[in-house]
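Number of protein chains: 2
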Amino acid sequence: MIISLKLQRGGPETLQRQVFVQIRNQILDGWLTPGLEIPASRTLAAEYGISRNTVVQAYEWLSSEGYIEANKGVGTIVSRTLPEASLYVGRTNEKLTNSRTPAAPKVPVVFKGRTPRLPDRTVRQAVDFWPGRPNSRHFPATFFKKAVDEHLGFSTMALSEYGDVAGLPALRSAIADQLKASRGISVGLDQIIVTAGIQEALNLISRLFVEAGTKVVVENPCYQGAALAFESYGAQLVPVGVDREGTTVEQLRGVSASLAYVTPSHQFPTGATLTIERRLKLLEWAQATGAYIVEDDYDSDYQYSGPPMIALAGLDNSRSVIYLGTFSKSIGAGLRTGYMVLPPQLVDHARKVKSLMNYGHPWLEQMVLADFLATGSFQRHLRRIRRSYAAVRDCLIDGLRSGFGEPDIRGAANGMHVMWRLPPGFPDPETLVAQVHEFGVEIYTLAGAGAVDFGSPYAADSILLGYSSLTEDEVKKGVRAIGRAVEAIGNHPVSGRKSWSGDPQHAGANR
Amino acid sequence: MIISLKLQRGGPETLQRQVFVQIRNQILDGWLTPGLEIPASRTLAAEYGISRNTVVQAYEWLSSEGYIEANKGVGTIVSRTLPEASLYVGRTNEKLTNSRTPAAPKVPVVFKGRTPRLPDRTVRQAVDFWPGRPNSRHFPATFFKKAVDEHLGFSTMALSEYGDVAGLPALRSAIADQLKASRGISVGLDQIIVTAGIQEALNLISRLFVEAGTKVVVENPCYQGAALAFESYGAQLVPVGVDREGTTVEQLRGVSASLAYVTPSHQFPTGATLTIERRLKLLEWAQATGAYIVEDDYDSDYQYSGPPMIALAGLDNSRSVIYLGTFSKSIGAGLRTGYMVLPPQLVDHARKVKSLMNYGHPWLEQMVLADFLATGSFQRHLRRIRRSYAAVRDCLIDGLRSGFGEPDIRGAANGMHVMWRLPPGFPDPETLVAQVHEFGVEIYTLAGAGAVDFGSPYAADSILLGYSSLTEDEVKKGVRAIGRAVEAIGNHPVSGRKSWSGDPQHAGANR
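In the order they appear, the protein sequences are chains L and A.
Read in order, the letters of the first sequence are residues 0 to 510 in numbering that gives the first Met the number 0.
Read in order, the letters of the second sequence are residues 0 to 510 in numbering that gives the first Met the number 0.
Please note that the accuracy of each hint is not assured.
If chains are identical, the list can't say which one is meant, so a pair holds when it fits in one copy or spans any two.
Straight-line C-alpha distance at most 30 Å; calculated DSS-like pairs for lysine-lysine [claimed, not checked]:
(1) Lys-214 <-> Lys-105
(2) Lys-5 <-> Lys-179
(3) Lys-280 <-> Lys-105
(4) Lys-144 <-> Lys-179
(5) Lys-179 <-> Lys-476
Treat the hints as calculated values from the structure; they're not laboratory data.
Next up, chain L with everything else stripped away, as it sits in the complex (with noise of 0.2 Å):
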């Protein structure tokens, strides 16, 4: 604990009457708290360059009067009972500073952007559909105190030193190299931003072109993290349409704007895949109006079945991607780390938009994530966790077809989870999710899930169902919590397709 002292050589006050007032109008002024150690008066005594008697006569008048006590082994402490006089005096910082200067209002927050909704984990209840968390049972632990233990064993010059701000080399040139085998993206580690989270990367990407009045197209719905984060730069938004084939491409035409947000993978939050048909439409739109395309791959790690589709940003010939990818979704989100490939003429303005915001990403989880991927070790995990989460989703189809007849799921062939378009008769969405709660288990809306609705079609009829998350015994349990929500809020579903096939919105192919 610091006291602070101020004393004065050769004046009326002799040096241990300063030390003791000083002392005791700290204690009274709330500043020295009941029960705080105060140093001991050798200490004292060296820091202040005065003699020891000095702060010890000092010392015995506090203790005399009540203000300080000794305390067996910790050593001298303010007093845990002070004296009355206590009640009576201001803290000393208030006469510190000037009380007769009127205050002003302090300058007011200039931040525009809203609050991304975030689940609140004190009221989730056990059994939680909250989409794209990653098993933690799948959690590489060994394999990350391994390496950790290797790297600080051989040198600690990673971390006690700043690196590149565009991430750790190593790291880099595996992402480059699993990007070429897995998404069909041939690019040099030097086009690689290591970043925490892909959020951070739609900042850096605001950055370099959002300002006031900025057209950025979105999806409709829309991942709101995105969303949020490009209008918190005041950009104005453009919403596209999606339907099963992903976001409607054909809008664009005639549309200008800076920037073209997409999740062509499995489409947030509706799950649509982006067909080829589209993707080399967009690109072309691109190309002949000079808007770049943020591509948003999150969980494109899960293909479950069919051929994986070359990501927008291999099929890109004109320079117009930016790609972003995360080990949030692969492994977890608390390792905050993502990346963005970026065209060759965006790296060096990047890098200094990177340098600006935080001079780079820390190194730990760098170097075991460089070890992960360079070993195989992340192929093989994530053939791991896909066999592990394709077996929870069909458990999760399964129990939706024998509970409520044939679902209307899209998103099903990849990432981690779906949406389901509820069957005729179902309760509204919000209610739905408010009474499976009661039963403890949640589901969620678009909204509440974390998307933005421009006036889709989807948010009046459809919930949000992550399913990676759960064990397969966990899924049966919400799926019975849904059907005995359905039957409290009474409105009893048909059960069989027959009672929706007369809504071809409801049908489709991705069943």
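Keeping the supplied structure of chain L fixed, place chain A upon it in accordance with the hints.
Showing chain A alone in chain L's frame:
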């Protein structure tokens, strides 16, 4: 590797012919590059739901025409020597997108910020007086390894999931305790946000308060990371001078600004400590004008002598101070972990910005640091390295004294670097730095060490010497190199104090 095929069943071409043509074209187009492994026939067949024999046939054709070859141990790869035809064919993706689409110029980057100057590590000499580097030999690697091992053995939930955007509560609580004991700041953990170093905190503050034309008071000279961050958001910088008593806050009379950025413990770069009188004046100014003070306490962990001074945030009773701390200087910059302490009225705003920026800091560093602080290991670590750095600092000052007479050294009482005002007759700082580099040692001009100068008296006659990462032998080598450089430049310094005793500017308390 992805092979993306588009197969038409029942069309005029057989499936094996389609597979052959499409793979051949992708090789010719350079999409599939020489040496690349292609999927096993079984795998490709399964992915596209076609018979394995179909793929085997297609592969045989490709092999006989020299496009692919068997490679022992690896499988089948794209041939390293391709048929001549490959020289005459463009890349597939140039045909995928419509090459007749005229390419518009890409939208311009609107970011106007300048890049912070960071030393080019590839040309830095072995003995490097770069300021603010902790000595990596003191990195608490054993503690880190043990803590990671224990935590990951216990639970990986924190790594699998998103956590509190403001940071791990255990770490924030430990930081609050530490601030109370060592900096006289009394706050609850709710007022603390863990950030990616002080740099991220400066961005967060900028997003809260800075828009085009916002006035921000900075020190002259000033830490460039701060000045450039504010500037990049449009701030109009208002420089205020620095003398031996720190920032000349008297100059603030009549100044109206939203923020005042200061480094009171150890002004960067001059090393001055802000006096208590000026601290109170600065707080009064903030109270009277409504401005916020940003207190950057980057290296306050190193107080070598004299009583520690209470931080501005500890004296503040008008909720005007935003305090910034970091573990970059006490443990290592590779952790990229710092924190900010906010007045209560700004907490919600700041959490919102932090959410949008990156959803919070990586967990591994936070878990370990929480333990490191809570167990008292951090305090022990600090005591150990303080002793070590003080000895190196003494060695440096002794060396300068015996080599060049009594030096005018600023900022030796605390921190990790000193500013040395060169004696009269010495070469100018740039010339000296360049010549010393030739002798295998890096010393720094103020600008070279990351300070922005708005016309201060120091840039022309001072150099910065960061000593904390060096051994005493390295420091001696550095001092010798300075001596040799001065000789080589041909201006022999006059030894002894008489040579500059006539210049009162160069005499002072900090020596």
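Hint check results:
{"no.": "1", "hint": "Lys-214 <-> Lys-105", "verdict": "between (33 Å within a copy, 14 Å between copies)"}
{"no.": "2", "hint": "Lys-5 <-> Lys-179", "verdict": "between (66 Å within a copy, 20 Å between copies)"}
{"no.": "3", "hint": "Lys-280 <-> Lys-105", "verdict": "between (51 Å within a copy, 17 Å between copies)"}
{"no.": "4", "hint": "Lys-144 <-> Lys-179", "verdict": "within (28 Å within a copy, 33 Å between copies)"}
{"no.": "5", "hint": "Lys-179 <-> Lys-476", "verdict": "neither (40 Å within a copy, 48 Å between copies)"}
Of the numbered hints listed earlier, the single one contradicted by the structure is hint 5.
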